[in-house]
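Visitor: With chain Y's structure known, arrange chain R on it following the hints.
Those protein sequence lines, which keep their order, are chains Y and R.
Per our numbering, the very first residue in the first sequence carries number 1; after that it's consecutive.
Per our numbering, the very first residue in the second sequence carries number 1; after that it's consecutive.
To be clear, the hints were calculated from the coordinates, so they are not data collected in a lab.
Heads up, some of the hints might be wrong.
What the hints assert, rightly or not - Keeping only pairs whose Cα atoms sit at most 27 angstroms apart, straight-line, the calculated DSSO-like set for lysine-lysine is: (1) Y/K306 to R/K106; (2) Y/K388 to Y/K306; (3) Y/K240 to Y/K106; (4) R/K106 to R/K306; (5) Y/K294 to Y/K135; (6) Y/K386 to R/K306; (7) R/K306 to Y/K306; (8) R/K294 to Y/K306; (9) R/K306 to R/K135; (10) R/K306 to Y/K388; (11) R/K106 to R/K294; (12) Y/K306 to Y/K386; (13) R/K306 to Y/K106; (14) Y/K386 to Y/K106; (15) Y/K202 to Y/K388; (16) R/K135 to Y/K306.
These figures come from a predicted structure and were not determined experimentally.
Protein chains: 2
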Amino acid sequence: MANRSSWLGRWLLRSIGEERIGAAPIRIVVADQSYTPPNMTPQATLTIPDFGTLAALALDPEVAFGEAYADGRIQIDGDLVGLLEAVYGTSAAPGDRSWYARLASKWMTFWQSNTLSGSRHNIHRHYDLGNDFYKLWLDQNLLYTCAYFPTPEATLEEAQIAKMDYVCRKLRLQPGETVVEAGCGWGSLALHMARNYGVSVKAFNVSREQIAYARELARLERLDHQVEFIEDDYRNISGKFDVFVAVGMLEHVGLENYYELGRVIHRAIGNTGRGFLHSLGRSSPLPLNRWIRKRIFPGGFIPSLKQAMAVLEPFNFAVQDVENLRWHYAKTMEHWLERFERSRRQVETMYDSRFVRTWRLYLAGSLAAFRSGTLQLFQIVFTGPKCKPISWTRAPLYENAPNEADKPAWTTAMS
Amino acid sequence: MANRSSWLGRWLLRSIGEERIGAAPIRIVVADQSYTPPNMTPQATLTIPDFGTLAALALDPEVAFGEAYADGRIQIDGDLVGLLEAVYGTSAAPGDRSWYARLASKWMTFWQSNTLSGSRHNIHRHYDLGNDFYKLWLDQNLLYTCAYFPTPEATLEEAQIAKMDYVCRKLRLQPGETVVEAGCGWGSLALHMARNYGVSVKAFNVSREQIAYARELARLERLDHQVEFIEDDYRNISGKFDVFVAVGMLEHVGLENYYELGRVIHRAIGNTGRGFLHSLGRSSPLPLNRWIRKRIFPGGFIPSLKQAMAVLEPFNFAVQDVENLRWHYAKTMEHWLERFERSRRQVETMYDSRFVRTWRLYLAGSLAAFRSGTLQLFQIVFTGPKCKPISWTRAPLYENAPNEADKPAWTTAMS
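Excised from the complex, chain Y in its bound form (with noise of 0.2 angstroms):
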């Protein structure tokens, strides 16, 4: 291929650095070429080994370079974050996609499809890697969705219980509620609820590895008369609750399960209950990135605020009280990458070394996303038509929070 480089390599090299990577201060290099945006110093530098994989990248570029980034084919001179970062804040819109990855994309979330075996194998493959690997990189309370930062400063263990709080505190539970859990990882929410506010838990999740930790868990606190944790499909969920919670749950459940999920949610909590959505979300809608769907979360599907309506609104669920959380998320993955490199040793002997490449790609790119806006996290109180009012203002939630005052630096921190 090299031989027929000249003309169609650099017309394929041209074509993918205007379109691809747009205004980005990146430099490609194919063999003996490079291509740099016009009028701009290169932060970093891209590696392409030949013109086959540079053909792959133009034909599909979302699956295309996660492929070869974890196959170790293309190499990156500079700060990877960076490198997607400037991408992600210079590509096409979504409306620009082509109608190969149009397609694409409707394919991938047929066959990836959340029925209720569909989920259980789709949550299989990304929580059933094993309690030790994330035991690497998260929390000591393995909490793997976005924590909340009192400051930008605090720890991430702080801020993962800190988090807890400011959702049992949003939802101001009670002594003597009860509280089902849709999709509890390893059950660190429902114990701390228990163990803090009083309240009982039933809760659910289809990973077997992640249900069989958080009841050795309960059992070692004897929390097990509190918190029953039940290997289950939310859609199986049956009884009576004053409130319902879901923290990184939404993103598993496809957007055409949501009336589903309404409905699930109406019949556990009624008209008088109180319920909680935290979810990674988007500004605009936009499927998620295909290699993602094919490496790491399958069946995968991030929703607007508009799309994760269709949750509340036919069961005439009020919205009390929207946050978005996005750079408290980027601040979680800058956590969880720092962590996760720290340990990529240990991780290349549980695995391989493409798994390595696989999962830095994937936290990285998670964190460029948040840091350019390309992801939200929403969190999203809301009640039901007869609910009694949760709270006159919201300026509870911030009492007693001595390091939330008098802070400086905020914004440092998120440029």
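Guide: Coordinates of chain R only, in the frame set by chain Y:
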């Protein structure tokens, strides 16, 4: 018609009672007959003079009730607000509306259409009723939107000032910034922003009386170099600004113009600005009552959150914060209704007794709608995709607000 009341009347009465009143504890009296829901002690009595009025109520309750009440043809013994609240709380779901109601609603949307001239006409009919009328029952700053009560015991004047500060603080206005306001009422918010936050404001409104009043205020306060009041439609906003604000304006835009409103906002603040929408809302889509559109707010439309997103998502604006102030609007309405009742003789002198009954029903009905949850109030903070973060947490919003802490009695105030 009284002769035929024996069977037709009984049937009508029962059908009205069962379908419209539902399980609300209300007794209906028509001529010599009456209906009370089974096993209930009625808390109010609705006296309808004849079966003709009853038939009108059966055929088109939305409009006929308001017209009959305004004419003085129906009598209510007991609490008007309580009666309306009971009916709102128990009546049929929106989806069950008759074909006639749906068709009539669409037709009304069409002939009250918010074109440039249509909007001017619609706004004129409500806001140009005379400033002296509004001075009778609004607060001293003539704020005709939901107040923010730091505590339920705050006065209306305090709560309206607190609301203006709350808006400014949610937006983190900085001295020297530029603000464009769409639908500025009598100008108080624009003047407050300029006076207390050092910003310069261009404020648009198509109500001639309101703009004239606002200009006079600006001149008297010597703020006219900093605040420009422009008698024009939001669609004619031009120029670049740091911030867009619309408080109580979205209700007059009409769903069909949401994309256009988003385009206007995007033209004004670009990708780096911040924005604020404060609007009546629904927990699920529902057209505005036709009697309200006929007599009070021609061209009015109240969106669900999902519908409101049609302004923001096409332009990639990211929602940062949504707060539902439904109970604050109920409290605001209590103040307005009480002041209105105290001034009713003056209002009758200025207009007539039909006008008094029309406005009483509008205010009482709105209060009942907030209490029953038929109406919500959303404050939405949003930012352009390239906007710097507004604040690391929401905690600073609740600092230096001494009256907000240590509140005992907010629950009772809302029961």
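Visitor: Are the Cα positions of Y/K388 and Y/K306 separated by 27 angstroms at most?
Guide: holds (25 angstroms)
Visitor: Can the restraint linking Y/K294 and Y/K135 be considered satisfied, given a maximum Cα separation of 27 angstroms?
Guide: holds (23 angstroms)
Visitor: With a cut-off of 27 angstroms on the C-alpha distance, tell me whether Y/K306 and R/K106 pass.
Guide: Holds, at roughly 24 angstroms.
Visitor: For the pair supplied as a hint, R/K306 and Y/K306, is the alpha-carbon distance within the 27 angstroms limit?
Guide: holds (5 angstroms)
Visitor: Are R/K106 and R/K294 close enough, with their CA atoms no more than 27 angstroms apart?
Guide: holds (13 angstroms)
Visitor: With a cut-off of 27 angstroms on the C-alpha distance, tell me whether R/K135 and Y/K306 pass.
Guide: violated (39 angstroms)
Visitor: What's the verdict on Y/K386 and Y/K106, does the C-alpha distance respect the 27 angstroms limit or exceed it?
Guide: Roughly 39 angstroms separates the two Cα atoms, so the pair is violated.
Visitor: CA of Y/K240 to CA of Y/K106, is that 27 angstroms or under?
Guide: Violated, at roughly 36 angstroms.
Visitor: Within 27 angstroms, alpha carbon to alpha carbon, are Y/K202 and Y/K388?
Guide: holds (23 angstroms)
Visitor: Does the alpha-carbon distance linking R/K306 and Y/K106 stay inside the 27 angstroms limit?
Guide: It holds: about 24 angstroms lies between the C-alpha atoms, which stays within 27 angstroms.
Visitor: Is the Cα-Cα distance between R/K294 and Y/K306 27 angstroms or less?
Guide: Given pair R/K294, Y/K306 is violated - Cα atoms ~30 angstroms apart, limit 27 angstroms.
Visitor: What's the verdict on Y/K306 and Y/K386, does the C-alpha distance respect the 27 angstroms limit or exceed it?
Guide: holds (23 angstroms)
Of the numbered hints stated above, those contradicted by the structure are hints 3, 8, 9, 14 and 16, listed in ascending order.
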